[in-house]
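Fit the two chains together into the complex; they arrive one by one in their own frames, and the hints show the way.
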Amino acid sequence: MANTLLSLAEKTFIVHGVDDNYRTDGRNRSEYRPMEVETKVLPHTSGSARLRLANTDILVGVKAEVDTPYPDNPNEGKLEFFVDCSANATPAFEGKGGDNLGTEISNTLTLAYQSSHVLDLTTLCILPQQKCWKLYVDVLILQCDGNLFDAVALAVKAALYSAQIPKVTTATLDGGKADIQLSDDPFDCVKLDVGSFPVLVTLCKNFTFIQIGENCVVDPTSEEEECSAASIVVAVMPNGRITSVVKTGYGSLQPSTLVKTLELAKDIGIKLNAGIMNALKEEDELGSQREIFGFLK
Amino acid sequence: MPFDQKRINGPEVSVPYSVYTDVNKSKSSKPKKSLHKRVDGREHKDLRKIFVKTGVISQAKGSAYIEVGITKVVCSVFDPREIPNKNEYSLQGELFCEFKYAPFACAKRRIHQQDAEEKEFSLVMQRSLEPAVCRQEFPNFQVDVYALVLDNGGSSLAAAIMCASLALADASVPMFGLVTAVSAGFYKDTMFLDLTVEEEVLCNSAPAKPNPPNNHGLIMQAALPQHDQISEFFLVGSINIDCIKQAIETLTVANKNICPVVQQCLVKTVLRALKRKEQEKN
Chain A
1 MANTLLSLAE KTFIVHGVDD NYRTDGRNRS EYRPMEVETK VLPHTSGSAR
51 LRLANTDILV GVKAEVDTPY PDNPNEGKLE FFVDCSANAT PAFEGKGGDN
101 LGTEISNTLT LAYQSSHVLD LTTLCILPQQ KCWKLYVDVL ILQCDGNLFD
151 AVALAVKAAL YSAQIPKVTT ATLDGGKADI QLSDDPFDCV KLDVGSFPVL
201 VTLCKNFTFI QIGENCVVDP TSEEEECSAA SIVVAVMPNG RITSVVKTGY
251 GSLQPSTLVK TLELAKDIGI KLNAGIMNAL KEEDELGSQR EIFGFLK
Chain B
1 MPFDQKRING PEVSVPYSVY TDVNKSKSSK PKKSLHKRVD GREHKDLRKI
51 FVKTGVISQA KGSAYIEVGI TKVVCSVFDP REIPNKNEYS LQGELFCEFK
101 YAPFACAKRR IHQQDAEEKE FSLVMQRSLE PAVCRQEFPN FQVDVYALVL
151 DNGGSSLAAA IMCASLALAD ASVPMFGLVT AVSAGFYKDT MFLDLTVEEE
201 VLCNSAPAKP NPPNNHGLIM QAALPQHDQI SEFFLVGSIN IDCIKQAIET
251 LTVANKNICP VVQQCLVKTV LRALKRKEQE KN
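Protein chains in written order, with the UniProt record's numbering: chain A, 1 to 297; chain B, 1 to 282.
For the record, the hints were derived by calculation from the structure and aren't laboratory data. Bear in mind that the values here come from a model prediction, so they are computed numbers and not experimental data. Glycine included, every Cβ here is placed at the ideal spot set by N, Cα and C. Please note that a few of the clues may not be correct.
[Claimed, not checked] Interface residues of chain A toward chain B, partial, derived using beta-carbon atoms under 8 angstroms:
#	residue
1	P71
2	N75
3	G102
4	T103
5	N107
6	S115
7	H117
8	I242
9	T243
10	V246
11	Y250
12	S252
13	L253
14	P255
15	E263
For reference, chain B alone in the conformation it holds in the complex (with noise of 0.2 angstroms):
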């Protein structure tokens, strides 16, 4: 791991406390009751309720900032410049993408440096996010995209995506449609839709019999839903083909249920703008 000389680090070998508590044993009976009922009573297909607000950061030239129950992610996109250590003229404009976690976002205290797993979803949200940009528009240049999430709750990478899609928009890169993602989860036969932290760490987890072997895994699909394209897949775990394709259908039509949310939002953000506009005329 680089080392940052101009921070001020955490000791090297420190261990959040919880390992030594029986947190973790006591785990083990929740799996039975989540697959039930979820913890916050929803059902297994239900989705979260989702608020969005662009406008949050003054000085990025577009952004926003979602919630998805307790996830919380804000985004910021600035001007296109020049793409940095490039010699060839490059015909199609480049997204670079950042995806971070506040050192205070997770139960483990996370670093300033973007460890492995946030290296891994930028390049994720990159590639959610590429098929949805005119990126012909801006030849030569590069659009950044960063993505800070304040607290999470589960799913912070799909609201991360969708964010972002918002900032976007406020920034006005022209764009063919919205991106939004919704993540879903395996646990056995269970399918959960919009999964917290505790079902993340669940379907993650194998089920003890491995035989005949049981699904696990996370899948996170993000969409165009305006097109309907999917513009990226992105699945770890162990799981049948007949689960995917239920995942695929199911997380298709979520999807399609996102996008007026979001479209709802950048209305108001346009109206909002035209009125500033007719003001500053008077």
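Next comes chain A alone, as it looks inside the complex (with noise of 0.2 angstroms):
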């Protein structure tokens, strides 16, 4: 990721630390760094979250428009993840240097919220064959500082949580043509299923863990990702359930280790889901005239 220069010496600090379940910066091998998340930020969107992992900084906004369903499934709507990796986050990420991260990260989202328990996209359509919502959700890195996979998780599950989709009042065909009407009230939203069953929520996170000797790690920073030859990203529903693992890095692994971390996973999982949707709920008991730090903080 950020190109982080570290000596053989700094290395074997760092892996030995690891060891000793202690970490330089005095954490354990499971617990994440502190994380700051506020919703609503940018008012010309229909959601949006910003989250502060330690220094890496993600802006996501949702944006909702009218679009076609595709003709092989039209009874569902449309879900897209773009992620820009800015230049302000790192010089390397300058022209078309973040572009490969970039794809990586928003393919792993994609995967993570293909399945059906996870988002059903038939809550998307407006009239089948015709109209449906299409979600786009973009993603800017700002800062990164190690761990990019879980924090773009977490504020996407946050902006989705936080995102309002008009309230379609008619929906008719007219001579084959498709005529909807929303409600005027721009207050009039439907929220998505993240905030009506919280049981079911359906959105993941993704668990970065790395293989640092023979211990993984939760959480790293940028300096760990250097020391890693490979890690699991699992995605991580709210009941437990695996929805994706891609494995990242140049490593391979051993299949009773594979079962360790995936075990891991499932637990730290289900515990960050928890977390998330607690600060969500409290900031929403805040109402609606609670004040917006933004980025003045």
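Rendered as structure tokens:
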């Protein structure tokens, strides 16, 4: 990711710290760094969120647009992810530099949200074969300090939670042409399932586990990422089911290690899902008049 | 989608006619049948027959062809070349993989450029092969691997990975071991191994009743069976952890079983090369 240059001595120091379950910033192997999340930070979007995980800074905007469904799935809406790695984050992202990483993250998100257990796309359909909602989830990476996958997935979940899709009052077929009308009241909106059925919530978290020596590490800093040969990105649903697994990095794993890693990912995933949902509900309780901090902090 | 001006493109908005037929409706009764017994008569944990051959493309440094059931993949590997658009020296060589369906390989026509799925598969291929290649042997150079699926009969990614590892070996690229790959699918409580296209579609679609949540999804595991290592584990769907564990076990065994087939093919390749050398001497 970001080019962090480390000497062999520094790498050894980090790896030994991980072996002793005491990392350079004082955490143990399965601890996250502090996070801050705020939703509804962008007034022009249907839903938005900004998440800071230590110095990793992610901004997500969700926009809902009306589109035609795919002919193969006429009853389904669409969901698309775009990840933009800003050159502000690191000069390596300048020009086309961040493209590969961006595609990798957006592909992983697409896979994690693919199952209909996660998000039932039929709820985004307005008129079969004619009109459906298309949700654009645009992710902007403002700063990176390791663990991009987790931070992006959390921010996306927060943004989708806050997303409000305008209510369709009438949807009729007029001479073969679709005619839809939206509610005039801008506050008359539909929220995504995230809020109404928290058990089926359906949005997942990714966990990056980094294999350093024998142990895996949660929430790696960019220095720790530099020391790792392979990491496993697992998408975990709130109920503990796994919706996608992707390996990144150039190394390989033993089958038993893989199983252990997946189990650990599941346990931490459940906790993290609960944590983010609590934070989002707490924010909701502050009401619509709450002060929005945005970037003035 | 980027538009290629140099080719004659098909009409922009066209739909395969099968969308309008009743095939989709009759499919709903199919799952139950295939859950009981698979369409091609295999058991759930049986693999399809594999045919492999090396040296099929004369212009390439190394090449291989694989048939798994009706899935046909051809793969070629070219000489190392300097990494394009890179200024600094890289200690480890790079592997560039391209996975492409031929336009006629699937039920729906594929365009000449890679689409998002093919790009994703290219990355998966790269990640599966990288642990097997001694990249320190060719620093600052890149080896190109191109896999073309001629006929997609399911599990084409797994077939392409195996084919690519054979092609790399045929091209005499130094490697730690062979890479094999097997795919598995879950639908409810049934696990299929080495999926056909219909089974892939079935496992991709969630069972109608989401409560209690049923398993569905696809797994592709690439491994270095000689070293007991998993080089890539790619999962999509919604599966609980116990089933994943079971799948890892089954897939590890399946990978080990495939390995001799690939090894035998390589032995034949070497014998053929030796024979050719002797003939040249005479």
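Task: Interface hint status, H117/A versus chain B (Cβ within 8 angstroms) - done: holds (4 angstroms)
Open item on the list: Holds or violated: the hint that I242/A contacts chain B, with Cβ atoms closer than 8 angstroms.
Closed with: holds (6 angstroms)
TODO: Closer than 8 angstroms between Cβ atoms is the bar; does N107/A clear it against chain B? Give me holds or violated.
DONE: holds (5 angstroms)
Open item on the list: Let's test the interface hint: is any C-beta of chain B closer than 8 angstroms to that of P255/A?
Closed with: Hint holds; P255/A Cβ to chain B Cβ min 5 angstroms, cut 8 angstroms.
Task: Satisfaction of the T243/A interface hint, Cβ to chain B closer than 8 angstroms - done: With a minimum Cβ separation of about 5 angstroms from chain B (threshold 8 angstroms), the hint on T243/A holds.
Task: Minimum beta-carbon distance criterion (8 angstroms), E263/A to chain B - done: Given a least distance of 6 angstroms, the restraint on E263/A holds.
Task: Restraint outcome when P71/A is required to lie within 8 angstroms of chain B by C-beta distance - done: With Cβ-Cβ at 4 angstroms, under 8 angstroms, it holds.
Open item on the list: Can you verify the interface hint for Y250/A: is its Cβ closer than 8 angstroms to any Cβ in chain B?
Closed with: Holds - the Cβ of Y250/A comes within 8 angstroms of chain B, reaching about 5 angstroms at its closest.
Task: Interface hint for N75/A, Cβ within 8 angstroms of any Cβ on chain B - done: This interface hint is violated because 12 angstroms lies over the 8 angstroms limit.
Task: Restraint check, 8 angstroms cut-off on beta carbons, for G102/A near chain B - done: Hint violated; G102/A Cβ to chain B Cβ min 12 angstroms, cut 8 angstroms.
Open item on the list: Take the shortest C-beta to C-beta distance between V246/A and chain B; is it under 8 angstroms?
Closed with: holds (6 angstroms)
Task: Residue hint T103/A, partner chain B, criterion CB-CB below 8 angstroms - done: With a closest approach of 7 angstroms, the T103/A hint holds.
In this structure, the hints that do not hold are numbers 2, 3, in rising order.
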